[in-house]
Amino acid sequence: MRARAATLVRSSWIQLLDRLSITERLVLLLIPPAIGGAVVTILAAALVGPAFVDFLAANLPLVRFFVAVVAILLLTVPTAFVIIYMELKVIARMNLRVGPNRIGPWGSGMSVVHGLKVLLKEDFAPTGADLPVFTLAPVVTFLASAMTLLVIPFAPGLFGQDLNIGLLFFFAMGGLTVLGLLMAGWASFNKYSLLGGLRSAAQMVSYEIPLTLSAVGIILLTGTMSLNQTVLAQSGSALDWFVFKQPLAFLIFFIAATAEANRTPFDMTEADSEIVAGFATEYSGMRFGFFFFAEYVNVFIVSALTVTLFFGGWTAPFDWPWPVSLDPIDAWAAGPAWIALGLGAAILGADVLAVVIRLFGGRAWSIPAAFGLGFLVSGAALTALLLGACFIAFDWFAGIVWFMAKAYAFVFVFVWLRATLPRVRIDQLMGFAWKWLLPAALLNLFITAAAVILLDR
Amino acid sequence: MPRRADRTRQPGPAEALPAAGPRPSLDDPRVMLDRQAGALFEEIPPYPARTEREAEFYTPTEGELFLNIGPHHPATHGVMRLVVKLSGERVVDVDPVLGYLHRGVEKICENSDYYHVIDQVDPLEYVSSLFQEWAAVLAFEKLMEVEVPQRAEYIRVLSAELLRVQSHTLYMGFLALDLGGLTPILYSFIERDEIVEMLAALTGARMLFNYFRVGGVNGDLNHEFMSRLGDWMSRAGKQAEANAALLNENEIFVRRMRGVGVLDRATALGYGVTGGNLRASGVPFDLRRVHPYSVYPQLDFNVPTRQEGDSLARYLIRVDEIRESIRIIDQCLHQMPDGPIMAPRLPRLLRPKPGRAWGAVEGPRGMLGVYAVSDGTDQPFRFRIHDPSFLNLEVVPHLLPGNLLADTMAIVASLDPVMGGIDK
Amino acid sequence: MDRALKSRLEAQLGSVIRGAVRQRGDQTEIRIAPADLPEVLRTVHESIDMRFEVLADLAGVDTGDTMQVVLHLWGERSSDWLRIIVEGLPREKPRCPSVTFLWPGAEWLEREAYDMFGIVFDGNRDLRRIFMPPDYQSFPLRKDFYLPDDASRSPGMGVRPVEKPHAPAVAEPDPAAAIRRSPAS
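Sequence order for the protein chains is A, B and C.
FYI, in my numbering the residues of the first sequence are 11 to 467.
FYI, in my numbering the residues of the second sequence are 2 to 425.
FYI, in my numbering the residues of the third sequence are 100 to 284.
Please keep in mind that the hints were generated in silico from the structure rather than gathered at the bench.
Keep in mind that this is a model prediction, so the values were computed, not measured.
Check the hints yourself; a few may be wrong.
[Said to hold, decoys possible] Computed list of lysine-lysine pairs in DSS-like fashion (alpha-carbon distance at most 30 Å, straight line):
hint	chain 1	residue 1	chain 2	residue 2
1	C	K192	B	K108
2	B	K108	B	K354
3	A	K255	A	K445
4	A	K201	A	K99
5	A	K127	A	K99
6	A	K99	B	K239
7	A	K201	A	K131
8	A	K131	A	K99
9	C	K105	B	K108
[Claimed, not checked] If you want a taste of the chain C side facing chain B, the calculated C-beta under 8 Å gives, among others:
hint	residue
10	G118
11	Q122
12	G124
13	V160
14	P203
15	D225
All residues carry an ideal CB built from backbone N, CA and C; glycine is no exception.
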């Protein structure tokens, strides 16, 4: 009897579902979990909440670490998107082409489309591939690149961890990417991949040494490996930046960093006119997406490190006076008032501009269109004003802006190199590293050490 | 409509050589079969070696691996397969495998009348199709003893030299692309687009022109062509110099090409290499000078020759040739006579008397020759095309061993092969 | 038209040239038997007054009755192209000596002639097919080439309907008249 009743109940539910449209079905299916989730959350917050908050307050460093890791992982993907878009557009312009201009304003949606595309592709592995290694390789490469962001200071007080071996940590993590590439090359069961992986191993090992040696000069100057301290040592004006004290180191570092990031002219590992895609030949879908993102994140982090070590990190090029130092809490408390004020100003500005546009534009502009344009323009102007205010008021905001501007300038240089230069052959590449960069880095080291000793005395 | 030559017969007699045998046994040492992996590897090649050279090549020694730079590849200038025997990164031997683009043009031309042949012969070296037309038309004119009027000759030279400039510019772009530079190819395509639009105004088509005819050309110069040509000529020299400087002054590019793939004079002559590749090895063999045809005796131009024979020399020769071609175009424009553009009193249906004729022109890649045999009907009895890239590619197994894998692309690209012509 | 070349050829190779040395336009043509090819080529390549050092082309020709191998040479001493027609190769088993001893580049040209006609070149180290797949069973440029039947003899057994074996479209034509012959070639 019970079973029959259950069947009756289930079948009537199914009949009900059948009669609904898809949207209605979704709504019906999602409401119970939503209500249940809300109830559970409220209960948990009420019962466990205070204890949890106390725990967090007691272990603030742990919370900080956790938040930093999440923030960094969240930072990498938009960064990669921006750099991909930059690469497409900038290289196109250098090729006298236009680049993507259909998806989104000025083609900016192209990165997102690429990201979605790699998510939607079929995920397969070639026959004979070593599956655990094959799957882990892109993960290792991506994580190795992303973990280095933990030590880079983006703004005063805004860094993941202020490790006092920050630079060493950076190079150690950066070196792990070789492991990922080798894994990919070997596990793909493909001669092209093998060649690519071996080339990458040789190249990255060769260029690690000049890279680290050129950074040792900085360590001699600052006396610490902490990147935060390095940036603080360059605060003041642009003339305090280490690029003027270590120009040779900067050059060596930049060239070695190009090789570390596998960028043209040192992109033998993915030379797509010889070994198809090198180590990534057999990868498709999200696995390839990871390699892709890892490469662009790598570009960003070497730019970030160049900026941190040689160009003053988040410091401004000239002594920046901080006229107003708003206590953040006060600003948030006045939040609603600010929002109302902002909207009112925007609408007022829209009115004025609409009148102006109608006067000068004439019949071509209908009233709604003029209003809309006026609103956009005034809104943009107000946002710019707001951002400017933040820039002046909050030193962390200004720090981020300077840091990103400088880092992206170097990213632009990397992209520029890719558009312009052909590839260096593998033996020329390694010959250059061992015969030219390494002695130059040692020379720089000796000169720096001598200068430090003599000037201190 | 069935033609007389569509004679399909019962199968011919048994072949002269034995056919490919049964699959070799697993104990055959030439078969590379990984017993642990089971059927994961297929032996290379999957049949026993047919010739001495094949056996020698496909027997790897310790530490050698075969890499298939396969027909689907970003940089093989078309569908060509290079089976490369590598020892680490160093190339030990190369076996080019052709035929992926074989379209049976010679057989089709045996079933086409003499006008259709010109159409069929265009897509051979699709990059510079007027030269194939010219060779065919030259052979046919020798067969039929037709005198081509001077104006038509000048127009032929003009359009052909324009196409030579375009072909060399594209060559530079593809060479840079194979070495990793993404930008010069786009600049080359800008140049090519200008020239090809010009020729479209003259001939009606941008790529496969179908313009030359037995006895002349299809259409006279028109206003649009002349105005585009004038525009182009006013900046052609400087643009060519700028494009060449993009690569010449690039240290990485020069380093990768200098001393790579040195082809010495004796080998080049022995292999029948012609064109810029031969002139880069020190042999001043240019058909326009040593066996002149058309109005080249009346034009003043140099034949650039270099002695080094490496990839850089082959590249620089073509840069020089662009300059020379611009000079020739200039002289053609000044010397262009008035007159008809087709030989008078040619029959509508060309039916040459039985005989044989060979005509050869100097194309951008070398000597393009056509051997035509006529049997008195309106279709050629045998239409043989000799393509320069065919023999240019044959030196690759001679040039490649000892170089690195990365040089493969530099060498093959510097020889400028076009697979359409090689595979016919 | 190089008269001097004609007289030189007749003087040095008169015994092996079949028929007369024909000249037309800028081409000089001689016909020889296959066995004489190496000797003729050496003479023409090395003799002081006739240095034909450039091999322009090597082609096969199927005349319907016999096969021919046609070589075109160019030399600095003469303003003519020299065409050497090696004629009389039987259609069933055409054999010809290879010219790779003088011009290594002829290897691929001979491969092509083998692939298209079935002409076997003695002395070519690498006589295998160059354009057609390695297991192809027939020789395309021969005059008696029959396409649908040929596809059936390839291991792929024809993939598309046009490749599957079927009766010829034209009902049994007359065998003798069918093979297109070149008159007096």
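Hints and how they fare:
no.	hint	in the structure
1	C:K192 with B:K108	holds (21 Å)
2	B:K108 with B:K354	holds (21 Å)
3	A:K255 with A:K445	holds (24 Å)
4	A:K201 with A:K99	violated (33 Å)
5	A:K127 with A:K99	holds (19 Å)
6	A:K99 with B:K239	holds (28 Å)
7	A:K201 with A:K131	holds (24 Å)
8	A:K131 with A:K99	holds (24 Å)
9	C:K105 with B:K108	violated (33 Å)
10	G118	violated (14 Å)
11	Q122	violated (12 Å)
12	G124	holds (5 Å)
13	V160	holds (5 Å)
14	P203	holds (5 Å)
15	D225	holds (4 Å)
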